[in-house]
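Those protein sequence lines, which keep their order, are chains X and Z. Going by our numbering, the first residue of the first sequence is number 1, and it counts up by one from there. Going by our numbering, the first residue of the second sequence is number 1, and it counts up by one from there.
Hints listed in this document are in silico derivations from the structure and should not be mistaken for laboratory results. All residues carry an ideal CB built from backbone N, CA and C; glycine is no exception. Misleading hints may appear alongside valid ones.
Just the calculated beta-carbon pair ranges, DEER-fashion [said to hold, decoys possible]:
(1) R85(Z) with S560(X): 26 to 34 Å
(2) M144(X) with D169(Z): 54 to 62 Å
(3) K673(X) with P197(Z): 41 to 49 Å
(4) R579(X) with N182(Z): 49 to 57 Å
(5) P688(X) with R85(Z): 54 to 62 Å
(6) D169(Z) with M157(X): 36 to 44 Å
(7) D169(Z) with A74(X): 36 to 44 Å
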Amino acid sequence: MLHTTRCRSIARLILPLAAAAALAAETRAADKHPVYVGARACAACHGGAGMGCQFSTWLMSRHARAYASLCLPAARPIADLSGIPGDGHDSPMCLGCHATAAEAEPWERDAGFRLMDGVQCERCHGPGSEYMDMEVMQDRAAAMRAGLRMPSRDDCMKCHYVKGSHAAVHKRPKIDIEKAWAAIAHRTPASAAAEGLVEKAPKELAPGPKYAGVGACAACHNSAMMNRQASSWKLTGHARAWAVLATPAALEIGRKKGLSAPPQASAECLRCHSTGFGAGEGRFLEGFTVADGVQCEACHGPGSEYMPEAVMRDRLAAKKAGLLEATAERCKDCHKDSCGKPFDVEAGMRRIAHPSKPASGVTAGGVRYKTPRNLAVRPGGAEVWVACEAAYSVIVVDVARRLKIAEIAVGGQPNDVAFSPDGRRAYVSNRLDDSVSVVDAEARAVLATVAVGDEPHGLVTDRSGALLYVLNSATDDISVVDTKKLLELRRLPASRNPWSLALSPDGEVILATNTLSRLVPFRTPSVSEITVIDARSGRIADRYPVPETNLLQGVAWHPSGEFACFTLNRTKNLVPMTRILQGWTITNGLGIAWKDGRVDQVLLDEPNAYFADASDVAFTPDGRHALVSSQGTDRVAIVDVERLLALLREASPRERAEVIPNHLGKSSEFIVKYVETGSAPRGIAVTPDGATAFVANQIDDSLTVIDMTALAGAGRVDLGGPKEMTHIRWGEKLFHNAGITFQRQFACASCHPDGHVDGLAYDIEADGIGVNPVDNRTLRGIYDTDPFKWEGTNPSLARQCGARLAAFFTRLGPFTPEELSAVNDYTVTIPRPPNRYRAAGAKLTHAQARGKVVFERTHTNDGREIPPDNRCAVCHFPPLYTDRSRRDIGSRNWLDTQGRFDVPHLNNIYDSAPYLHNGVAHTLEEIWTRFNPYDTHGVTNDMTKDQLNDLVEYLKTL
Amino acid sequence: MRRRLLGRLSGAVASLWVLAGAAEAPAGAGGAAEPCLRLPYVYTKWKHFTTENGLPNDHVFAVRSHENDLWVGTENGLALIDKRRGEVVKVWREKDGLPFQAVTGIDVDPQTGAVWLGLFGGGLARFSGGRFDHWHQLNSGLVNDVVYDVVVANDSVWCATTAGASRFDTKTGEWAIFTEKNAPMEEIWNYAVDYDPQANKIFLAVWGSGVLEYDLATGRWQEYIDPDGEMEIDLYRDDGINHVIVTGVTAIDGVMWVSSYFGGTRYDGRSWRGFPDIEGGLPSLFNNNVRGRTAYEAWYCSDKGAGAIVDLDPETWVQYTRDGKTGYAVVKQRLRPEDKTLATVEVIETGLNVPHTFVVNADIEGDDVFIGTSHGLGWGIGEGYYPRLKERPRMGRARAERAAPGGVSAPAPK
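I would like the entire structure built from these sequences, with the hints used as guidance.
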């Protein structure tokens with residue numbers, strides 16, 4: 001009795017203590033930020049036979065080669081298909097599944113961690129620093145409290161789902177998850193005994209050459225410059241030479257040979273299955289591991305003396321320092337009759353070839369077109385310069401001979417070109433590089449490159465040429481550049497997605513168009529803007545609102561200086577796509593901005609023949625005609641300006657405000673001629689003598705020449721692009737052409753200019769009329785983010801753009817299967833621009849790093865655990881930051897018939913406002929400050945304002 | 001009667017002044033003619049703006065002059081005065097697109113010309129080309145919607161709010177918050193913010209945390225607090241700011257001018273100079289703000305008028321105040337270094353100067369000053385303005401009596 005009482009007393013004492021200890025341990029775990037230790041740290045316990053040689057099992061798996069596989073030939077077309085311009089080894093998108101902790105910060109990786117080890121233990125089991133201790137690991141519950149994860153098959157599918165980009169190249173069927181699960185099985189034996197590969201740093205190093213290990217070689221030899229040689233090695237049997245000794249076959253060989261020790265501990269095996277065997281104590285530098293099998297130094301000799309870069313760059317010096325040439329004889333040392341296997345030296349050498357230069361013909365991107373976007377006549381009128389987006393060049397065309405005479409390499413994705421008033425310099429905006437190339441027009445050479453804002457489009461100088469104005473389409477501002485100092489002076493706030501600009505004839509005013517409407521309250525009509533710059537002060541002077549429009553693009557001043565014309569779309573996104581009153585979903589027109597600030601709108605459409613995607617406008621020097629290009633219908637309309645003005649003059653103010661902007665019957669009164677062009681015409685320029693106009697046909701790699709006397713096409717200038725029409729190029733052509741749509745009203749590009757967004761929410765008929773408005777989504781880098789649509793009901797783009805498109809959007813016969821395939825292939829290759837908030841490989845800023853902690857947090861500020869399904873990183877995990885599921889985050893409003901929506905990917909999320917399925921959130925902050933009142937879209941209401949700011953900064957880096 | 005009184009006063013003061021300042025009399029001056037004295041410029045020409053001539057509201061919370069534009073923030077709207085025309089040319093209320101009615105802070109980006117507005121309860125707004133853009137604590141990273149003051153520093157905009165300071169990078173869109181977590185801010189109630197482009201530093205006036213200086217180049221903070229702690233009296237006059245409840249700060253020409261509800265302070269990087277009430281320079285201890293013009297001149301916005309210190313050697317002030325009918329400029333000067341108080345050396349009847357003695361804000365551009373009060377705006381036109389002191393004949397009468405503590409010793413009108 002006494003004993004029982006005492007036990008109870010002890011229990012009373014111990015239980016609370018234990019509970020407190022458990023709580024404290026849990027709190028510690030929550031407080032500590034785990035770091036990745038790398039597979040070799042796991043091997044310390046999991047490497048030996050007592051643990052079933054789990055480490056070797058992993059080494060033998062494809063997971064261990066996942067990173068290295070990015071150097072395989074198939075990686076390039078997969079990257080191309082995914083719109084990834086660079087090497088997969090450097091792409092967070094590829095590394096998200098081909099490596100471990102790719103998204104982790106350097107401090108979140110232990111010193112021994114190697115990215116080159118591919119998909120390691122911690123990719124599935126979580127970063128190990130907090131649970132790796134043996135005492136913790138022996139208690140599964142404690143280990144899991146400390147962060148150990150036991151993955152399920154669903155977790156595998158986060159990377160192994162069918163990715164169109166991959167399937168299109170390797171043609172493999174969908175992964176059989178049960179087979180794959182079995183293939184990577186690494187069960188702990190029932191009588192487990194932690195036993196492993198313990199490699200301690202030597203206390204004292206011996207004199208002379210020492211083995212550094214492949215990790216040290218990889219520091220240089222896994223760079224792009226060295227053609228990823230370390231990855232090439234990793235794909236060979238050499239890399240698995242040690243691990244293979246743990247396979248049943250090896251054990252059998254060992255048994256037959258009568259080895260006294262397991263092969264991985266047998267000198268007879270290790271002589272050829274490892275590197276530096278028998279070299280003795282102090283001959284291995286820290287970082288070397290026997291588990292890396294037959295490494296570089298097995299053939300090239302211990303590297304400590306020749307590995308410094310300065311030595312390696314001098315072949316003779318390297319040789320003198322001990323670098324050996326790999327010879328057939330050296331191969332034969334091990335491979336001759338090894339274990340009864342025949343060996344063909346030449347074939348073997350081919351298998352392990354690791355050239356430091358890529359094989360010829362392996363380049364990114366495949367066929368390289370020109371894709372002329374915009375053009376300008378050089379002062380003097382003798383030359384037309386054309387910005388060619390895909391060729392990263394400007395092409396010079398001789399006006400008289402109508403011939404390409406030069407091509408000048410500039411920055412990435414040049415978009416527009418402008419000249420200094422004296423014609424000596426050309427300025428070219430480089431959309432990919434966020435820069436302007438300054439070109440010596442005579443020498444045809446780039447003089448300098450000036451950094452500007454993100455994704456620059458249009459540009460123009462003031463009358464003196466002292467200031468250059470550049471529209472930054474992604475940062476919604478205007479760089480003012482001092483052309484003498486070649487320095488950005490300031491940024492002026494534009495509206496959204498500024499596009500083109502034009503200087504008034506008197507040099508006083510510059511007008512800039514903006515393609516996206518201002519952000520307007522939910523379910524209210526769009527309002528776009530013409531931004532007015534005072535060219536004397538270099539400041540914003542005014543802003544002309546242009547109601548119920550978007551896609552304001554080309555702009556030009558009438559020579560009189562009384563008004564300017566600009567292209568526009570009138571998109572009726574608030575009414576269901578079934579209504580056809582006053583033009584169906586999109587009508588296309590011209591805006592007239594008077595110098596006193598008034599704005600008129602007229603349509604260029606006719607009732608049965610629309611003028612889809614009016615893209616640019618130019619006037620003849622005498623002001624008689626305006627030329628407008630239609631990207632969607634491959635035409636240029638020639639407008640009789642006087643007739644257009646007469647139409648406006650004769651109309652009442654009410655008619656000008658309410659009737660004419662929607663009147664489909666007016667264009668025939670002022671359009672006097674249509675001229676057929678090449679595919680997807682955009683920029684237009686007229687020579688100073690008014691005799692000739694040139695039109696850039698972006699998907700033809702040509703210019704259309706228009707004789708302005710005859711008002712007729714007068715030939716074509718070939719810009720020298722490839723003659724081959726690839727499948728993707730054909731898709732691009734279809735994407736920009738309105739031929740698929742009823743009455744040629746719009747094209748895919750009408751809502752997805754530059755493959756991006758038009759910033760509007762639409763009421764699409766498929767899910768009911770008058771309900772379920774959905775925000776337009778970007779097409780940039782969307783491959784592998786299926787399913788599509790906000791409802792997440794379309795498993796593929798082919799489905800999205802197939803019959804459904806015909807039924808609910810284009811209202812005409814669907815694309816043929818071949819066309820659909822081409823459109824699909826083009827759409828999935830629209831590249832995602834490089835992230836502007838975190839350059840590849842750049843460290844996170846302090847705020848971004850803090851935001852990452854918030855993004856990955858598992859507990860609230862007051863210590864409550866956040867349910868896994870309500871954590872940011874659970875639904876939005878790397879590399880695409882979507883789990884591709886449908887979830888109800890409480891965003892349903894009164895117009896929605898259901899509340900489960902596709903989990904969107906978050907890559908470059910900063911440039912696709914507005915947010916949420918219906919575009920109701922104008923900023924990232926509003927997603928949580930206004931539309932997450934009950935913590936149903938992540939737990940955010942406990943956050944402080946600075947935490948939310950940090951989270952937003954991190955989100956912008958994804 | 002009034003003229004007689006002035007005549008008597010002027011005679012008495014003249015003899016007093018000769019006694020006190022004869023050493024400073026210009027060469028050649030003598031006989032019966034009054035010597036030229038070293039006196040400050042006094043604003044005698046004023047324009048006034050109230051609701052009667054176009055302001056949207058008489059409670060003027062903020063004023064900022066930029067080139068030809070004079071921006072006036074009131075309790076219920078924003079006004080633009082065309083300085084060339086001298087009239088209110090445009091008014092914005094909420095119905096006109098102004099995002100919030102009460103405008104408490106204004107700054108103009110010298111590069112872009114964009115006007116930034118601190119809104120007292122409405123966050124931050126930018127006015128550019130006729131369009132208002134609006135950032136608040138729900139749609140942006142702004143820490144709080146009660147914005148007292150705003151300043152543009154290079155590509156960033158700083159806001160002093162009731163819950164800390166916010167910095168908005170206009171190029172990247174990044175918001176940063178400064179509170180007790182990452183700044184030496186014992187209290188987070190930020191009253192005012194200023195930027196010194198020469199030093200590339202931000203200065204925050206914080207209720208309860210003194211002045212905080214932030215070096216934009218290094219990201220380091222320097223705090224200036226009252227060495228006397230939270231005592232309501234200043235034990236040592238020139239040992240630091242005179243109270244941690246700071247209402248305004250201006251940094252200019254290497255000098256920091258500070259206002260509080262307990263007086264004013266000047267710091268030149270080496271020495272502090274306090275302006276306690278007992279000396280009589282400030283019109284009142286209760287100061288809502290301060291606007292520095294140079295290292296020697298600053299305008300204090302008190303509840304009893306505007307007090308401009310115009311020189312330090314000798315310390316000279318001009319107090320602009322008014323009675324029920326007219327306004328006075330009262331010139332005060334420390335006649336001898338050992339004098340503990342300032343003498344009134346000149347009282348000039350200016351006609352109406354500051355439209356109300358409760359002065360909230362001030363701005364200075366060129367030769368002119370602009371004084372926002374609780375009943376309209378006063379615009380002092382600085383024709384012939386000169387800095388510091390200059391020998392000139394007195395324009396008004398003078399008195400020998402000391403200023404009443406915390407008050408202005410303008411004579412009661414007859």
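Status of each hint after checking the structure:
no.	hint	verdict
1	R85(Z) with S560(X): 26 to 34 Å	holds (31 Å)
2	M144(X) with D169(Z): 54 to 62 Å	violated (42 Å)
3	K673(X) with P197(Z): 41 to 49 Å	violated (57 Å)
4	R579(X) with N182(Z): 49 to 57 Å	holds (54 Å)
5	P688(X) with R85(Z): 54 to 62 Å	violated (42 Å)
6	D169(Z) with M157(X): 36 to 44 Å	holds (40 Å)
7	D169(Z) with A74(X): 36 to 44 Å	holds (42 Å)
The structure does not agree with the numbered hints 2, 3, 5 stated previously, though it agrees with the rest.
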